[in-house]
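S.K.: Chain by chain, the residues:
There are 2 protein chains.
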Amino acid sequence: MKTISTENSHGGTQGVYVNRSDVCDCDMTFAVFLPPQAKGRKLPVLWYLSGLTCTHANVMEKGEYRRLAAELGIIIVCPDTSPRGDAVPDEPDNWQFGKGAGFYVDATEPPFAQNYRMYSYIVDELPKLIEAEFPVDMTRQGIFGHSMGGHGAITIALKNPERFGSCSAFAPISHPSVSGWSKPAFQKYLGSDEKNWRAYDACSLIEDGHRFPEFLVDQGTADSFLEDGLRPEELRQACETAGISLRLRMQEGYGHSYFFISTFMEDHLRWHARRLGE
Amino acid sequence: MKTISTENSHGGTQGVYVNRSDVCDCDMTFAVFLPPQAKGRKLPVLWYLSGLTCTHANVMEKGEYRRLAAELGIIIVCPDTSPRGDAVPDEPDNWQFGKGAGFYVDATEPPFAQNYRMYSYIVDELPKLIEAEFPVDMTRQGIFGHSMGGHGAITIALKNPERFGSCSAFAPISHPSVSGWSKPAFQKYLGSDEKNWRAYDACSLIEDGHRFPEFLVDQGTADSFLEDGLRPEELRQACETAGISLRLRMQEGYGHSYFFISTFMEDHLRWHARRLGE
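Residue numbers (this note's numbering), protein chains in the order written: chain A, 1 to 278; chain B, 1 to 278.
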């Protein structure tokens with residue numbers, strides 16, 4: 001692991017790091033915020049998964065998480081959203097597929113299967129690195145994210161409920177198998193047999209018996225992706241049918257941007273802190 | 001004035017606007033945050049001047065001012081740092097001069113005098129527009145900024161002490177007539193007679209008798225521009241000699257970036273709110 005930069009912020013340290021990912025077969029960059037409490041002891045770790053077009057940097061710059069993470073003593077890890085580099089296949093004119101749009105799946109279809117293995121990167125490879133390099137208490141992990149990253153957080157929590165003590169999302173893609181911006185991506189990453197998509201779709205995972213105790217979801221009512229792309233009502237129905245506790249808050253007049261995320265970041269961090277133990 | 005965008009954030013509205021500036025002879029973009037209290041009454045207004053290379057957007061995205069401005073009921077105006085557009089003379093490879101580097105002076109030298117009139121834009125033209133378009137109480141104005149914008153805030157406060165009830169700065173350029181990155185710019189904007197630079201130099205203005213009751217200045221000790229570019233000790237000496245109250249806080253290990261600004265934003269907003277009346 002190589003350190004790109006570290007900066008004091010809110011009493012802690014915001015770092016950016018790069019490592020060679022065997023899983024994604026490329027260099028991967030990620031951000032880690034260490035609150036001041038990290039000098040003395042192991043702390044809970046919260047994984048933030050970003051949305052389409054983002055890198056590790058967007059939420060690091062615009063998410064406004066450091067003040068409260070420093071108060072609560074939580075380490076925040078912000079990975080990238082896809083493999084990167086000249087050797088990685090891409091559709092440069094398509095912001096909903098390829099670089100910046102890994103959808104947190106392990107692709108099975110050539111030529112994407114070689115690099116687009118974001119599920120294994122987030123669930124297996126990066127946690128090992130974070131555990132080896134930072135003072136994290138891996139018995140206290142939470143996961144959250146925005147849009148495509150909210151989809152990633154919810155699906156990863158549903159598939160790994162023993163690992164995560166908390167999960168929340170800002171405007172998550174709730175039913176990617178049917179949304180206009182995720183269906184073509186799933187087809188290219190996972191093939192045309194839609195049965196294979198169910199392992200990466202929150203609504204399908206719940207239908208298929210996966211469970212997580214509770215979710216917090218914030219969704220802006222002025223979000224232009226609400227109806228087709230995000231579909232929070234379908235997540236609500238799936239959770240209701242399955243008896244999963246979903247706190248879905250429709251936030252009047254809010255959009256899809258970091259102005260929305262940063263507004264409700266404090267509520268989410270407190271939600272996670274209460275469940276991970278402060 | 002044309003609205004570029006408005007977004008709900010922290011209970012208020014973050015807007016971006018553009019207007020034709022007669023003073024700068026070009027279109028000028030600026031950001032205004034209206035806290036929720038603005039729906040019912042006129043509120044204090046705080047002017048934030050940004051540093052080299054920035055537009056209105058940098059502090060809007062990374063400054064973390066909205067949460068507290070919404071709590072305190074303060075309107076925040078973030079102007080651009082220079083004239084813009086194809087017709088504006090520039091040195092594209094020089095980040096310390098031209099576009100993004102207006103230094104809040106009224107240039108006197110051709111070809112820059114036609115557009116680079118940021119002092120008059122900030123002090124005369126933009127306030128008239130803001131007063132006409134937003135619910136601001138112009139009897140309660142404060143001003144602050146970062147680096148080149150801290151220089152702008154302090155010099156504008158010193159020259160207009162009757163207008164501003166409060167002034168603070170993050171890592172201001174304190175003595176631009178002698179700093180490596182501002183001296184060449186002053187020469188090109190204001191000519192080679194250094195007497196004419198004194199009207200835009202905080203230390204010189206104080207030496208020449210200008211006064212402001214008190215300043216809050218935060219400065220990171222790990223700021224790579226500390227010694228040559230910023231020179232807070234020279235501001236301290238000038239203030240001491242003149243009997244101006246300067247609260248200069250050296251912040252251990254902090255750099256020059258928005259990670260530093262956002263950390264101490266809350267302290268600055270509370271400083272202004274106490275002086276402007278909450």
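Hints may contain errors.
Pairs involving identical chains hold if they fit within one copy or between any two copies, as the list cannot separate such chains.
As the list claims (entries may be wrong) - Subject to a maximum C-alpha distance of 20 Å in a straight line, what follows is the list of computed EDC-like cross-link-like pairs (lysine to aspartate or glutamate):
1. Lys-62 / Glu-266
2. Lys-183 / Asp-25
3. Lys-39 / Glu-131
4. Lys-188 / Glu-61
5. Lys-159 / Asp-106
6. Lys-62 / Glu-7
7. Lys-39 / Glu-252
8. Lys-159 / Asp-124
9. Lys-62 / Asp-25
10. Lys-39 / Glu-214
11. Lys-188 / Glu-234
12. Lys-39 / Glu-133
Treat the hints as calculated values from the structure; they're not laboratory data.
S.K.: Please go over all the hints and tell whether each is borne out by the structure.
M.R.: Structure-based check of each hint:
1. Lys-62 / Glu-266: both (13 Å within a copy, 16 Å between copies)
2. Lys-183 / Asp-25: Cα proximity of Lys-183 and Asp-25: none, with 25 Å in one copy and 49 Å across.
3. Lys-39 / Glu-131: within (15 Å within a copy, 49 Å between copies)
4. Lys-188 / Glu-61: neither (31 Å within a copy, 34 Å between copies)
5. Lys-159 / Asp-106: Cα proximity of Lys-159 and Asp-106: one copy only (14 Å, versus 62 Å across).
6. Lys-62 / Glu-7: For Lys-62 and Glu-7, the Cα distance is within 20 Å both inside one copy (15 Å) and across copies (14 Å).
7. Lys-39 / Glu-252: between (40 Å within a copy, 16 Å between copies)
8. Lys-159 / Asp-124: within (13 Å within a copy, 60 Å between copies)
9. Lys-62 / Asp-25: Neither: 29 Å inside a chain and 32 Å across chains, both beyond 20 Å.
10. Lys-39 / Glu-214: Neither, since 32 Å and 36 Å both go past 20 Å.
11. Lys-188 / Glu-234: For Lys-188 and Glu-234, the Cα distance exceeds 20 Å both inside one copy (24 Å) and across copies (62 Å).
12. Lys-39 / Glu-133: Intra 13 Å, inter 49 Å, cutoff 20 Å: intra-copy only.
Violated hints for the displayed structure, listed by number in ascending order: 2, 4, 9, 10 and 11.
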